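A.B. asks: Listed here are the chains, written in short residue letters.
2 protein chains.
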Amino acid sequence: MDVAILTIGTELTRGELVNTNAAWLSTRLTELGFDVVEHAVVADDKPKIVRAFHRLASEVGVVIVTGGLGPTTDDLTAECAAEALGVALVRDEDSLARIRERFVSLKRTMSVSNEKQADFPAGATVLVNPIGTAPGFFITLGNARLFFTPGVPREMKKLFDEQIAPRIESHAKRDSYQIRIGTFGLPESVVGERLAGLEEANPGLVIGYRAHFPEVEVKVFVRAGDAAAAESRARSLADEVTRRLGDHAYGEGDGGLVAHVSELLVAKGLTLALAESCTGGLVGHLLTRPAGASRFLLAGAITYANEAKTEFANVPAELIAAHGAVSEPVARAMAEGIRARAKADFGVAITGVAGPGGGSPEKPVGTVFLAVASRSGTVVKPLLFVHDRPMIQTYAAYAALDLLRRTVAGLP
Amino acid sequence: MDVAILTIGTELTRGELVNTNAAWLSTRLTELGFDVVEHAVVADDKPKIVRAFHRLASEVGVVIVTGGLGPTTDDLTAECAAEALGVALVRDEDSLARIRERFVSLKRTMSVSNEKQADFPAGATVLVNPIGTAPGFFITLGNARLFFTPGVPREMKKLFDEQIAPRIESHAKRDSYQIRIGTFGLPESVVGERLAGLEEANPGLVIGYRAHFPEVEVKVFVRAGDAAAAESRARSLADEVTRRLGDHAYGEGDGGLVAHVSELLVAKGLTLALAESCTGGLVGHLLTRPAGASRFLLAGAITYANEAKTEFANVPAELIAAHGAVSEPVARAMAEGIRARAKADFGVAITGVAGPGGGSPEKPVGTVFLAVASRSGTVVKPLLFVHDRPMIQTYAAYAALDLLRRTVAGLP
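Note that the protein sequences, when read in sequence, are chains R and W. Residue numbers for the first sequence follow our numbering, beginning at 1 and rising by one. Residue numbers for the second sequence follow our numbering, beginning at 1 and rising by one.
Among the hints, a few may not be true.
Each pair may be met inside one copy or between any two copies, as identical chains are not told apart.
Said to hold, decoys possible - In silico EDC-like cross-links for lysine to aspartate or glutamate, where the CA-CA straight-line distance does not exceed 16 Å:
| id | residue 1 | residue 2 |
| --- | --- | --- |
| 1 | 343 | 92 |
| 2 | 46 | 59 |
| 3 | 48 | 35 |
These are calculated hints, taken from the structure and not from any lab test. Predicted, not measured: the structure shown is a model, and the values here were computed from it.
Construct the entire structure; sequences and hints are all you get.
C.D. replies: Right, here's the structure in full:
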């Protein structure tokens, strides 16, 4: 079934927000087996909103509408839905009571304007919102069902997963299965070349690529007679994909390289310490953003100044004077020094020129040295990644995690 | 003049990419004085694309279309534009020569499929793309002008700024001026209450809010007789806004609190060291993502394990045993210890329970202690920010930077 996503809000048409809601909903709907054929974003403008309702309802079977359910005068969604249906807005006393209770439990004062969040088009079904003041609802307009959620991402996601998906999933095609495989270290074009010919040889297979810099995720999407057949074919094709990508493919599922490396360390009971120069704490941030890093991460040092490399990671000042802070010997010393200081199984170090200044003919912007120290020795890897500062930092951080992955797993 | 933005690509309707192009274009167009009334995203589907061209051309004066200009079979944009106009595609030999030259200069082999990137609807004007293989173009459909750019963000931005904006800006309203004011520490609703009444008392003033968690930016947008009058009124209204927000308003312009604090330290010639526990390197990452942190940031320690607090920030183990790692005395000791170890003017420390585990009745998830140590003493601030892990980390990092700002600037 074709689905459209309609987002309402001048903050989007003015460019103040990026429409991450539409991307999230599209991913979920695609996984459920729907075809998302359009995203539309309209400003807080009554005629435009009503027109969008009518247009999309005539083109697809389900429309997911987010935004415009707040308490202020520019929140027009429910009013426009009523106008599109040609019915009145009706106050729902149950919803009003729940909104009141929510303000009491948050110890906040409810303003009169919040009452309108309990107004719905006559005949609409309310979708209770357990984590916010604005309830959702759904209506039938022509042959289409329109589902309305608040624009706040966490509320939208909860309403979609718990109340909208169960109401529509019977209309999805149930004949597909998708496996996502994380890769690092090959450009998207090379990943594509390695997988060339697979689609032609396997009808029903669609290989998708999601480059979430600097990782490339490969999606093996198979449509077959039924879901079980699709899963079994997807499984064997995923094995073939992994074989072709070799050790650049690190695993399946969510969380990417960060989750994979973290799980690897936890599974082996190994601990880690970091010494970051040009990445300035990014590796630490990536590892500690998900919960659970305390099971393996002992410490990190952001050794930005040369003196900090000596003070926190035992790098001899003479070594820096002799080779420069961005050098193979200093990266090695940082990794070994932080490992010793933190008494960790592994020490990871990054030193480089992230730019835009600080480059030289011998060490241009983008020169980075990575090192991983362990009981069995230290590996150092030079990188030259010519790009802008944030991309150099991000690439260096992931490349360091990949070097750690290879060291822990005993890969070349 | 009303403008719409149309993005073409199944990678967007399937949720594989977030539509950052539309947000960027909206910001630019709004700054130029246009009203962006709609974003639309359609899949790579010929009838849907043609229908979108006709619909948007009937509703607005300018449509910016991005995507679908690549060499592969699912790149349909030029073909659809020709169909909408009822004309043929015509090969442009100049463009073909430029594409060929580009491949030569990149030492890459041009494939036959790239030739179609030189095909345009008859009568279209080509927009030369100096940094990619796909040229843009523009056409007139009905009363609207449609401008086409590749979907690659850097190519799209360059074509828009250099070739599209100059062709449309005469149609923009040139009677407005906007000043953006950064704030931290007040919820968006409270910021709104403090500014209540200003719009009513000042016709032509629109106050906008952009909550980019955890910062709230206030936009003072003034429309007046001409641009100079608008700027002068915006200036005096921005002063009034700043007066009402007190020291929660830290300054104008780009870069937010991070840029403001960084500039403050550089202007005063002061240096900084960090000791981060629950934020795991996030403060370091925020400060080093823009260039220039080496002018003030000496070092940071990610003191995740208790032993690391002792080893890298001189926190006595007995102090941790007596009060717990998340406590006022430990935050104080971390800030003072890292300041001494790095020989910095300021030491900033963060210790807390980011969750989801690790909370207790006395110290629930969201309990954070911030500390700033300097020559004149140490200030410690307890926080309780009940939310999910990434939000607790982000709020704590910004609250620490705000405490540093206040300490450096001598504010309460």
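A.B. asks: Now tell me, hint by hint, if it's right for this structure.
C.D. replies: Quick rundown of the hints versus the structure:
1. 343 x 92: neither (62 Å within a copy, 63 Å between copies)
2. 46 x 59: Intra 20 Å, inter 15 Å, cutoff 16 Å: inter-copy only.
3. 48 x 35: The answer is between: 13 Å across copies meets 16 Å, while 25 Å in one copy does not.
Hint 1 alone, counting from the list given before, is not met by this structure.
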